[in-house]
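Visitor: As a plain string of letters, each chain reads:
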Amino acid sequence: MKKPWQITCIAFVALAIFWLVVSFEYPYKDKLGPGPGFFPFWLSIITGALSLALFFQITRGKNAMEGSATLIPERQGVLRILAVLVALVGSLALLDPLGFRITLFLFLLFLPLGLGERNWWVILIFAIAGSFGIFHLFYYGLKVPLPMGVFGI
Amino acid sequence: MEALQYWIQGFAVATLPMNLLYAFIGCVLGTLIGVLPGLGPAAGTAILIPVTFSLDPIGGIIMLAAIYYGAMYGGTITSVLVNVPGEAASVITCLDGYQMAKQGRAGPALGIAAIGSFIGGTFATLALMVVSLPLANFALRFGPPEVFSLLVVGLSLVTGLSGRSLLAALVMTLFGLMLSMIGMDPVRGAPRFTFGIPPLYDGIGFIPVVMGLFGIGEILLSMEAPVLEVIKTKLTDLLPKREEWKVSTGAIGRGTIIGFFLGLIPGIGAIIPTFLAYAVEKKVSKHPEKFGTGVIEGVASPETANNAYANGAMVPLLTLGIPGSPTLAVLMGAFIIHGLTPGPFLFKERPDVVWGLIASLYLGNVMLLILNLPLVGLWAKLLEIRYQYLYPGILLFCILGAYSLNQSVFDVGVMVAFGVLGYIFRKLDWPLAPTVLALILGPMMERALRTSLEMSGGDLSILFTRPISAVLLIAAAIVLLTPAVRLLGRRAGKD
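If you're matching them up, the sequences are chains A and B in order. Here the numbering used here is used: the first residue of the first sequence is 1082, the next is one more, and so on. Here the numbering used here is used: the first residue of the second sequence is 102, the next is one more, and so on.
Looking at chain B on its own, in the form it has when it is part of the complex:
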């Protein structure tokens, strides 16, 4: 009964005319971000935070969440029409989506992606409504050792699943943790690693870092070959044919389940659910050899998984305060800017915000479907903007976004510096997501570890003697050691 009351309260908040408007604007802006090459959801959401400054916290968070899941759909359009994913989670959609576009079937590809995204997102939101309250109540039992171990699991997952080299991913995670040391000591409140530079007393803002690594870095990379070739195709027949529906139904169902459940695991990122959904679809298909030549299941499944993941990943963010991806880290930053701290206490202190946001996810998915099916042609037109105007325009918003966070040119400098670093790391194929997540989770992690050690009088065994903490640390060890053991096994096999 308690949950039902909260759901009703959530819908009452989300259906307020202004909140509906914010969700709608967020969906439009998010799709725009997803469509524009060189601007992924993380940087895009970060850039648009200033737009929400004058809004009340609920309105601001609803709009930013809509930007987030809108961008997840928007990335599909470029994957299908240009063979360039608007964001990383749409990489796999290029395989069959682009082939479908080349065959003149871009309409059904984008149509099934919109419908799949709607179904996946809606199911995930319903599931989020069911699981979030019990999980938040369970998380209230966590003390500092459990929080520390949970953060270790989150960072281990994002590290273990990033890039081709585990060592490089670990180094990037530690780099993020080192950056998080800059500013005030989270336990004693004394300045550290500030080198006498006043703006560093507040630490390195992770939002300018995200804008730099994922926005400026991506734009610099795009500058190497900025001209996109958009496939000219009829976009009138958006609804798939009957036989396409038949094969897509199962794909959408499987994509929904995979996306939602992987979204529950903090740190897994948006790419893995889409790749796994595609792999599963290929496995269960009667004609796996046709994957990559333009089969509609190859678009339906990963696109569904993508949006189911986006909404499912809200569970660890809202209930535990752990963002699972850089974009969710930005969303967490937006919560903090609006004076809210995601986590189990938010359910107790501001149920209107939590349940209003969850209900708005459901309504946002309806809006995305209504918005995207008729407007696909308009979004495709955006891809024809000349890069000489497109990229300066995006950079303008990067500068505006970075400056307005603290009215500080220093933040713009941080963004530019991390833009250069982001470009270099991308060229060298070093993963960036672990750095961002470590930067935001670092102070929480240090506070939890030091408080745990204060509780135990400096004895580290406190982390292993408390059952939940011990289980979490074992899980983290499995995540990190599995690739190493596999590598050793392969080497032993070769020898």
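Isolated chain A, as found in the complex:
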């Protein structure tokens, strides 16, 4: 079970290299002293070095982290996680075009269904209260700006 930890270390090394390359676009020094490239340059180098050190530690089995968790949840758990992620990504895509009320109505209608709830009436009341009700409370009551969408509702 070392692989996930090793992959994470490699991802950090890759990120550090990318950050280092991008940092070359900014001056390391200027007339007044260290420039915008100074901090990212050293940060990338230290991050890359420490991530590599951690990778070797894990590979040699000398780090307390490796092999400590059951990584893959059971099938039902995976399905529930997917339902949440699909609902979140869906609302992310719809929030601007459809506005808060319709997007969150759909979100609160379909997510309980995705999580196995089948009581339609309760779901419907929950979705209306959570979308239109919360919009009313925050938008009109607390003056929190929320998206209206192309339909203006």
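Simulated from the structure, these hints should not be mistaken for lab results. Heads up, some of the hints might be wrong.
Unchecked claim - With a Cα cut of at most 30 angstroms, we get these calculated DSBU-like pairs of lysine-lysine:
id, chain 1, residue 1, chain 2, residue 2
1, B, K342, B, K391
2, A, K1083, B, K347
3, B, K449, B, K482
4, B, K383, B, K342
5, B, K387, B, K203
6, A, K1084, B, K528
Following the hints, complete the assembly by docking chain B onto the known chain A.
Guide: Chain B in isolation, oriented as in the chain A frame:
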């Protein structure tokens, strides 16, 4: 005399009817957040920032601070009744609190936690009143090298005390610092690491990051096994019996001292004071073998330490502008959103806000006690809400909270992305707190270092030749090197 005048001014601000109302609402919302599984104080406080948008800065900060310490108490209820800590600082309470609930003594467990929290929180607030002004005045002497070294100490502590692997914690801290590079260069004001994406010009907002890592990530984790088994128990006898009082008094006293003093150290987090308080209690107990089987001291001490820490940790935030935990980082963000910058200058520029907030902490602790003892049964009922409604409801507030910060769907995207990352890092047991603190402290740290180097003409020795800075850097080195030296010693012993 100066301090006394400020205290009076603080109470005058905090006792304004609207501010009392905000503190009360904050206590209710905070307890609610603490009770709800899958929503810790950091994400909860972040989500509720929009609620304070229409309030004046003092009212908004008072409400958010009340949410913070309310959540610290709320987490106890789930620890006792469900064996699931509502927030990380209540982990240790599960050991004896849950056992007490199983024996039908959930009432006294929750009662002593409320009373201990009140005493710990109240003492810490009084101590905060005493130490904050001299400390803020002392901090005014800090120049950029001292500020940089202090930030290094804060990040070293949160790194050195996070998780099982120091290297992993260091990498997570550096990851947070790298993320903090995105946006405007804090010294020259030129865009960096923005990749032509306009929303990145303002940087990665740490509040959506906190919501993602601690809110969405936790919910995704909860989805693996979302059903909670609540212990059905009588919650009428909340006040402990005479013999329980006897053993709890000392525990509450020790928890208060441990919690407050550890709260003064930036970066220590809320978990360590509670674990230390529990360990000390076990050490001084005449029957240490009974710990973990449902002894009331095992609840009283860590719960007291928890709230004493929560108020004590306000000291570095208010006097130095350094948040000690992700939740306090969110609170610092809320200060900034309301146009206030925590730190020594705030004491000079807005004493009404600082002292009003400090006085409200005291009043909030009274409110929490009044609120929690009679309402424990109601909070317990919340745990019976079906997860099919509970989690979508929490997610709704996450979306609302993230969007309303800048009216930007991009922030919602940041929250979702960091939610996935938070889930993965939790599964792999990589610490998250260092990333959040590094993200918020990164620009301050870079500004302090670069200004120091400008002062010295590029000579790094400026950090070691100024006494305060040198002492702070030595402290940071001790924090980071101690685990490594201990590990090497153990290996040498084995060989």
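Visitor: With reference to the structure, classify each hint as holding or not holding.
Guide: To see whether the hints hold, each was checked on the structure:
1. K342/B - K391/B: Judged against 30 angstroms, a Cα distance of about 18 angstroms means the pair holds.
2. K1083/A - K347/B: violated (50 angstroms)
3. K449/B - K482/B: Between K449/B and K482/B the Cα gap is close to 46 angstroms, so the pair fails against 30 angstroms, i.e. violated.
4. K383/B - K342/B: holds (21 angstroms)
5. K387/B - K203/B: Distance of about 23 angstroms is within 30 angstroms: holds.
6. K1084/A - K528/B: Holds, at about 13 angstroms.
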